[in-house]
Amino acid sequence: MELTSSGLKDFFKEVVEMIEKEKDYLCELDRKLGDGDHGVTMSIGWQAVNNKLNNELADIEDCGKVSITVGKTFLNAVGSSVGPLYATGFMRGAKIAKNKTVLNERDLTEYWVAFAKGVKERGQAEVGDKTMVDTLEPFANTLEVSINNSQEFEAAFSDAVKAAEKGMNSTKDIISKKGRSSRLGDRSIGVQDPGATSAYFILSKFLHFIKSNSAKTV
Amino acid sequence: MKKLVNNPVNVVEEMVEGYVRAHPDYIKQLQSNDRALVNARETKENKVGILIGGGSGHEPGFLGYVGEGMADGVAVGNIFASPSPDPILEVTKAIDKGAGVVYLYGNYAGDVMNFGMAAEMADLEEDIKVGMALATDDVASAPKEEKDKRRGIAGEFFIYKAAGAAADFGYDLEEVVRIAKKANQNTRSMGVGTSPCYLPQTGEPSFEIGDNEMEIGLGHHGEPGIEKGPLETADKIADRLVNDILADIEITKGEEVAVLVNGLGSTPKMDLYIVYRRVEQILSERGIKIYRSYVGDYITSLEMGGCSVTLMKLDKELTDTIDHPVNCPMFVQK
Chain A
1 MELTSSGLKD
11 FFKEVVEMIE
21 KEKDYLCELD
31 RKLGDGDHGV
41 TMSIGWQAVN
51 NKLNNELADI
61 EDCGKVSITV
71 GKTFLNAVGS
81 SVGPLYATGF
91 MRGAKIAKNK
101 TVLNERDLTE
111 YWVAFAKGVK
121 ERGQAEVGDK
131 TMVDTLEPFA
141 NTLEVSINNS
151 QEFEAAFSDA
161 VKAAEKGMNS
171 TKDIISKKGR
181 SSRLGDRSIG
191 VQDPGATSAY
201 FILSKFLHFI
211 KSNSAKTV
Chain B
1 MKKLVNNPVN
11 VVEEMVEGYV
21 RAHPDYIKQL
31 QSNDRALVNA
41 RETKENKVGI
51 LIGGGSGHEP
61 GFLGYVGEGM
71 ADGVAVGNIF
81 ASPSPDPILE
91 VTKAIDKGAG
101 VVYLYGNYAG
111 DVMNFGMAAE
121 MADLEEDIKV
131 GMALATDDVA
141 SAPKEEKDKR
151 RGIAGEFFIY
161 KAAGAAADFG
171 YDLEEVVRIA
181 KKANQNTRSM
191 GVGTSPCYLP
201 QTGEPSFEIG
211 DNEMEIGLGH
221 HGEPGIEKGP
231 LETADKIADR
241 LVNDILADIE
251 ITKGEEVAVL
261 VNGLGSTPKM
271 DLYIVYRRVE
281 QILSERGIKI
291 YRSYVGDYIT
301 SLEMGGCSVT
311 LMKLDKELTD
321 TIDHPVNCPM
331 FVQK
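Protein chains in written order, with the UniProt record's numbering: chain A, 1 to 218; chain B, 1 to 334.
In case anyone wonders, no lab produced these hints; they're calculated from the structure.
From a predicted model like this one, the values you see are computed outputs, not experimental measurements.
There may be inaccurate statements among the hints.
Quick list of in silico lysine to any residue cross-link-like pairs, SDA-like style, CA-CA up to 25 Å [what the hints assert, rightly or not]:
| no. | chain 1 | residue 1 | chain 2 | residue 2 |
| --- | --- | --- | --- | --- |
| 1 | B | Lys147 | A | Gly185 |
| 2 | A | Lys65 | B | Thr202 |
| 3 | A | Lys32 | B | Thr202 |
| 4 | B | Lys93 | A | Lys172 |
| 5 | A | Lys172 | B | Glu227 |
| 6 | B | Lys93 | B | Asn327 |
| 7 | B | Lys129 | A | Arg122 |
| 8 | A | Lys52 | B | Glu204 |
| 9 | A | Lys72 | B | Gly116 |
| 10 | B | Lys149 | A | Asp129 |
| 11 | A | Lys72 | B | Glu125 |
| 12 | A | Lys32 | B | Glu204 |
| 13 | A | Lys32 | B | Met1 |
Using the sequences provided together with the hints, build the complete structure.
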């Protein structure tokens with residue numbers, strides 16, 4: 001498949017809708033670990049993004065410009081820790097997409113790998129710290145390996161999202177080491193990390209998006 | 001939970017608007033960013049700028065401490081969430097008087113990233129020198145060996161006080177940073193939560209707690225504490241808090257401290273003074289002198305119940321900063 005800037009914008013709009021649906025669930029998870037606002041925070045950020053998509057970005061055809069604007073808009077609307085983390089992800093992706101009006105499968109692979117690595121670098125977290133990285137690192141590693149083996153983007157992305165899901169689920173069993181919840185010690189066990197969850201939702205939304213538009217340019 | 005709000009989504013904007021209109025002689029909103037507020041009164045040329053900031057919901061922290069003798073500007077975040085780099089950078093540009101700007105904030109992952117990004121931009125894009133000092137006063141937030149992981153809570157107030165005074169004394173950037181770090185080094189806090197706060201957007205409590213329970217060592221965003229225990233008397237709570245603090249920092253007989261008994265939003269002054277009474281007894285039994293005391297709501301967590309106790313060990317230099325007069329909308333010291 002190939003993704004045009006308008007396809008990329010459609011994907012971001014689906015993320016906006018998805019976050020509105022999952023907002024309460026993300027808050028519920030966060031209440032057990034932090035201050036209970038992860039869903040609210042994500043919603044504030046993606047609503048700001050939605051506004052840009054419908055206005056300034058409506059006629060923009062450079063995928064890099066779209067992605068960097070999504071990142072910066074999210075950052076300025078949110079602040080917090082998820083602001084710089086997701087913003088860095090989308091800005092690193094933007095580097096791959098710079099000056100491109102269409103992203104091919106190789107670009108998309110590099111985009112999502114850069115996204116995951118950017119988040120990890122900004123947050124300085126490792127797998128096992130009970131953060132977004134528990135979702136993103138296995139996702140990126142699997143995507144890279146699987147694409148090299150199969151050369152089949154949709155199948156590789158699907159494998160990668162499965163690894164992301166496994167990573168997300170693993171956060172239930174570990175003690176938080178980063179962020180506010182790290183102070184909880186054993187009390188953080190049993191609760192799935194909200195950041196790992198929202199990261200999984202975004203990746204799985206992208207999988208859903210490419211599956212419904214496979215074998216064509218969108 | 002009943003709150004006096006309009007649309008919960010707009011609480012921060014509407015609070016800032018109300019605050020700026022209530023105190024136009026003290027504070028102004030920058031046109032470039034409505035989350036960027038600066039002192040309305042001219043500050044001295046070549047004075048180091050003091051920038052504070054953090055999430056909303058801690059009022060009078062942080063916007064209440066912009067004024068003479070304390071901060072020159074504040075970047076306002078969403079509820080309990082760090083401001084983004086944008087307002088931080090705008091405040092930096094507005095308050096730089098040629099001597100650089102010092103960022104003071106709590107050691108939270110989000111604040112570290114956003115203030116860090118803003119500092120990089122200030123250096124790269126604006127050529128403004130930025131210094132930083134982080135508050136890590138909460139003894140309950142990490143063990144002593146991992147002090148760099150500790151969070152800032154009410155003790156941030158003393159750090160603002162010390163750094164604000166140092167900047168007023170005409171110290172340069174490095175010296176102001178040194179004093180702010182020293183104030184942090186000498187400050188310890190710990191708190192208990194007796195009832196949760198409620199986020200305006202969700203209306204949900206930040207933690208579940210029984211009528212006869214308290215959270216010991218809680219964070220000031222409504223995070224649960226390090227342990228839940230049965231609700232104790234004010235004296236026993238004060239004993240626990242002061243003992244944990246004194247186990248963490250050596251303060252010997254004859255030394256002087258500043259004391260802050262801080263309410264978290266819904267604790268009456270009556271209760272806070274009852275706690276202070278016991279704090280004073282413990283310190284006086286140990287021969288530690290209270291040089292100056294502060295009792296009230298200094299850094300809150302919306303309507304959370306409970307309190308924190310902060311001690312700052314003083315020497316001559318820190319005593320001078322504590323004595324320095326302050327004139328802010330929400331805090332005046334003559």
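Quiz item: Is Lys93 (chain B) close enough to Lys172 (chain A), meaning Cα to Cα at most 25 Å?
Solution: violated (44 Å)
Practice problem: Verify the proposed pairing of Lys93 (chain B) with Asn327 (chain B), using a straight-line Cα cut of 25 Å. | Solution: holds (23 Å)
Quiz item: Regarding the pair Lys129 (chain B) and Arg122 (chain A), is the alpha-carbon distance no greater than 25 Å?
Solution: holds (22 Å)
Self-check item: 25 Å limit on alpha-carbon distance, applied to hinted pair Lys32 (chain A) and Met1 (chain B)
Solution: Holds, because 19 Å separates the two Cα atoms, which is no more than 25 Å.
Practice problem: Sort out whether Asp129 (chain A) lies within 25 Å of Lys149 (chain B), counting only the CA atoms. | Solution: Since the Cα atoms of Lys149 (chain B) and Asp129 (chain A) sit roughly 14 Å apart, the hinted pair holds (cutoff 25 Å).
Self-check item: Lys32 (chain A) paired with Thr202 (chain B) [C-alpha distance capped at 25 Å]
Solution: Holds, because 14 Å separates the two Cα atoms, which is no more than 25 Å.
Exercise. Could you grab the alpha-carbon distance between Lys52 (chain A) and Glu204 (chain B) and see if it respects the 25 Å cut-off?
Key: Violated, at roughly 30 Å.
Practice problem: Could you grab the alpha-carbon distance between Lys172 (chain A) and Glu227 (chain B) and see if it respects the 25 Å cut-off? | Solution: This hinted pair holds, its Cα atoms lying about 20 Å apart.
Quiz item: Lys147 (chain B) and Gly185 (chain A): Cα distance at most 25 Å?
Solution: Satisfied, since the Cα-Cα distance of roughly 16 Å is no more than 25 Å.
Quiz item: Is Lys72 (chain A) within 25 Å of Gly116 (chain B), Cα to Cα?
Solution: holds (16 Å)
Quiz item: Given the proposed pairing of Lys32 (chain A) with Glu204 (chain B), does the C-alpha separation stay at or below 25 Å?
Solution: The hint holds at about 12 Å.
Quiz item: Given the hint that Lys65 (chain A) pairs with Thr202 (chain B), does the C-alpha gap stay at or below 25 Å?
Solution: Measuring from Cα to Cα gives roughly 34 Å; hence the hint is violated.
In summary, the structure is inconsistent with hints 2, 4 and 8 from the numbered list given earlier, while agreeing with the others.
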